[in-house]
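Novice: What follows is each chain in one-letter form.
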Amino acid sequence: MFQKQLQIHSKIHIFQDNAYVMESAKLLYAIIETAIDGIVTIDNRGKIESLNPSALKIFGYREEELIGKNISVLMPESDKSRHDGYLVNYQSTGERKIIGKGREVRGLRKNGTQFPFRLAVSEVQYQDRVIYTGFIHDLSKEKEAEEFLKKYTIELEELVENRTKSLKKMLHELEEAKEEANVSLEKEKALNRMKSRFVSMASHEFRTPLSSMQLSAVLIEKYLQISDNLQILRHLRKIKTAIGSLNSILNDFLSLEKLDTGIVKPHYDSFDIIKFSEELTEEMQLITKEDQIIIYQHTGSESEISLDQNLLLNCLMNLMSNSIKYSGEHTLIEFSTEINEDGYVFSVKDNGIGIPEEDQSGLFQPFFRGHNTGSIPGTGLGLNIVQRYVNLMDGTIYFESKSGKGTEFTLSFQKNSANNTPI
Amino acid sequence: MEKICILIIEDNDDIRESTSEILQLASYEVFQASNGKQGVDLAIKHIPDVILCDIMMPELDGYGVFIF
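These protein sequences, in sequence, are chains E and X.
Residues 1 to 423 in this note's numbering are what the first sequence lists, from first letter to last.
Residues 424 to 491 in this note's numbering are what the second sequence lists, from first letter to last.
Possibly wrong hints are sitting among the right ones.
Covered stretches of chain E (in silico footprint by chain X; criterion: 3 or more residues with CB under 8 angstroms from a CB of chain X, positions within the stretch not fixed) [said to hold, decoys possible]:
| # | segment |
| --- | --- |
| 1 | 217-223 |
| 2 | 234-242 |
| 3 | 256-262 |
In silico lysine-lysine, DSSO-like type, Cα no more than 30 angstroms apart, as pairs [as the list claims (entries may be wrong)]:
| # | chain 1 | residue 1 | chain 2 | residue 2 |
| --- | --- | --- | --- | --- |
| 4 | E | 141 | E | 151 |
| 5 | E | 222 | E | 325 |
| 6 | E | 289 | E | 275 |
| 7 | E | 189 | E | 240 |
| 8 | X | 426 | E | 222 |
| 9 | E | 178 | E | 151 |
| 10 | X | 460 | E | 325 |
| 11 | E | 325 | E | 275 |
| 12 | E | 289 | X | 426 |
| 13 | E | 47 | E | 150 |
| 14 | E | 101 | E | 57 |
| 15 | E | 150 | E | 110 |
| 16 | X | 460 | E | 402 |
| 17 | E | 258 | E | 195 |
| 18 | X | 426 | E | 405 |
No lab work stands behind these hints, which were simulated from the structure alone.
From the three backbone atoms N, C-alpha and C, an ideal C-beta is built for every residue, glycine too.
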């Protein structure tokens, strides 16, 4: 009785157990069938045994198309060949590549497109054999978002880079503009300095002859009243002299203007330098101060040179009249010419007031005058003109000077310069 | 009546001579100096009533003369 009871009891139990198992299986089945992730099982040789609807949907197959096929049909070409190797490798060495870990791989849909998914594989010991279960989590959306983010980041980076580039360019342009502004500021400053030198020169150099003329005119009026013709003539001569000096200032301006507009062109001709220099020395001797003597000497066996006679005359007259102007009475002015293998050298040397060192660098600027010139008349244009004439004839000008001791100017020209320049 | 004495210190010959001629014709006694140094010497020697002095001059300029 008890035995029977027990049997019944255990039957009930088994039944109850069976019912429980059935319930569990149903539940599991439902879970698997409705899972969003795909689930695939394969045997130990890689043959597909079952798939859930999600897996079919993800890969785009119908169930009967896949069951019994090797899992590699769901893999892109690059992974296919390796898969069997993985399985064999795992089964022989126990080394795990995916199993129990899961990783990101690519899948091949029926329509040939590929997609990324996360694959987690687990090994199931079921009855007497091994099966593998793969959980497939489609990452297309995530990847798309990631790609989009990446693309967006790249775009942003590009934008930033472009902006940086344009900023850098702008900065560069700004710096250039600053440089340009600096250059023009310097030019403006130089021009201003020249202007103020001009004003100070003009006020002195124009005013002196004008005052002289005005005084003489007043005196002529007075002498007219007493009919002193001698005195009247004397003052008329003074007026003429003053007009002459104004004229020469204006001539300097004119030379400068001609140089600036490029009208002045050297015209080369051959002439005898000794004869030329002797005549010039004689002429200059007429306007020297008391007991100022000009000595001329020539070095070299030749005396024929080829230069622009007028321009050279202008240069030498300028240098010699400077020597006369800036040295005292009872002094020597040495004028020398030389023809050597390389070319022609002219020099004018005096023992005058010299050029202070601080003034030497600006000496050739227009309207520039040394600080020690005091009330000695001058426009500050002479040397500027000389330098430009010398340059026109492809020559160089050079000077050596010591304040209070004297100055020597040297002009040198190459012999062949005349041949190279068309007349 | 003694003549009024004027000293002209001016380095430009023409201007100095013409100015003194005008003043002489107007009956002033005139002394001439062509630079500041000479001017100071003459001023000490003759004690002029009026000194006409240029400023930009060699040797000793107008300001220098004034300090003397």
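Novice: Work down the list of hints and note, for each, if the structure agrees.
Specialist: Results for each hint:
Three residues within the 8 angstroms Cβ limit are the bar, and the segment 217-223 of chain E against chain X gives 3, so the coverage statement holds. By the rule of at least three residues with a Cβ nearer than 8 angstroms to a Cβ of chain X, the coverage given for the segment 234-242 of chain E holds, with 4 such residues. Given a C-beta distance limit of less than 8 angstroms, the hint that chain X covers the segment 256-262 of chain E is violated, as 0 residues qualify and 3 are needed. Proposed proximity of residue 141 (chain E) and residue 151 (chain E) is supported: the alpha carbons are some 15 angstroms apart, at most 30 angstroms.
As the CA atoms of residue 222 (chain E) and residue 325 (chain E) are separated by approximately 34 angstroms, the hinted pair breaks the 30 angstroms bound. A C-alpha spacing of about 24 angstroms is found between residue 289 (chain E) and residue 275 (chain E), which places the hinted pair at or below 30 angstroms, so the restraint holds. Restraint check: the Cα-Cα separation between residue 189 (chain E) and residue 240 (chain E) comes to about 38 angstroms, which exceeds 30 angstroms; the hinted pair is violated. Annotation: proposed proximity of residue 426 (chain X) to residue 222 (chain E) holds, straight-line Cα distance about 20 angstroms (limit 30 angstroms).
For the suggested pair residue 178 (chain E) and residue 151 (chain E), the alpha carbons sit about 40 angstroms apart, so the restraint of at most 30 angstroms is broken. Taken as a hint, the residue 460 (chain X) and residue 325 (chain E) pair is honoured in the structure, with Cα atoms around 21 angstroms apart against an allowance of 30 angstroms. At most 30 angstroms may separate the alpha-carbon atoms for a hinted pair to count; residue 325 (chain E) and residue 275 (chain E) meet this at roughly 25 angstroms. A threshold of 30 angstroms between alpha carbons decides the hint, and for residue 289 (chain E) with residue 426 (chain X) the separation of about 36 angstroms lies outside it, so the pair is violated.
For the hint linking residue 47 (chain E) to residue 150 (chain E), the alpha-carbon distance of about 38 angstroms lies beyond 30 angstroms, and the restraint is violated. Only pairs whose Cα atoms come within 30 angstroms are accepted, and residue 101 (chain E) paired with residue 57 (chain E) is accepted, the gap being roughly 24 angstroms. As the CA atoms of residue 150 (chain E) and residue 110 (chain E) are separated by approximately 28 angstroms, the hinted pair is consistent with the 30 angstroms bound. Taken as a hint, the residue 460 (chain X) and residue 402 (chain E) pair is honoured in the structure, with Cα atoms around 25 angstroms apart against an allowance of 30 angstroms.
For the hint linking residue 258 (chain E) to residue 195 (chain E), the alpha-carbon distance of about 19 angstroms falls within 30 angstroms, and the restraint holds. Under the criterion of a C-alpha separation no larger than 30 angstroms, the hint pairing residue 426 (chain X) with residue 405 (chain E) is inconsistent with the structure, at around 46 angstroms.
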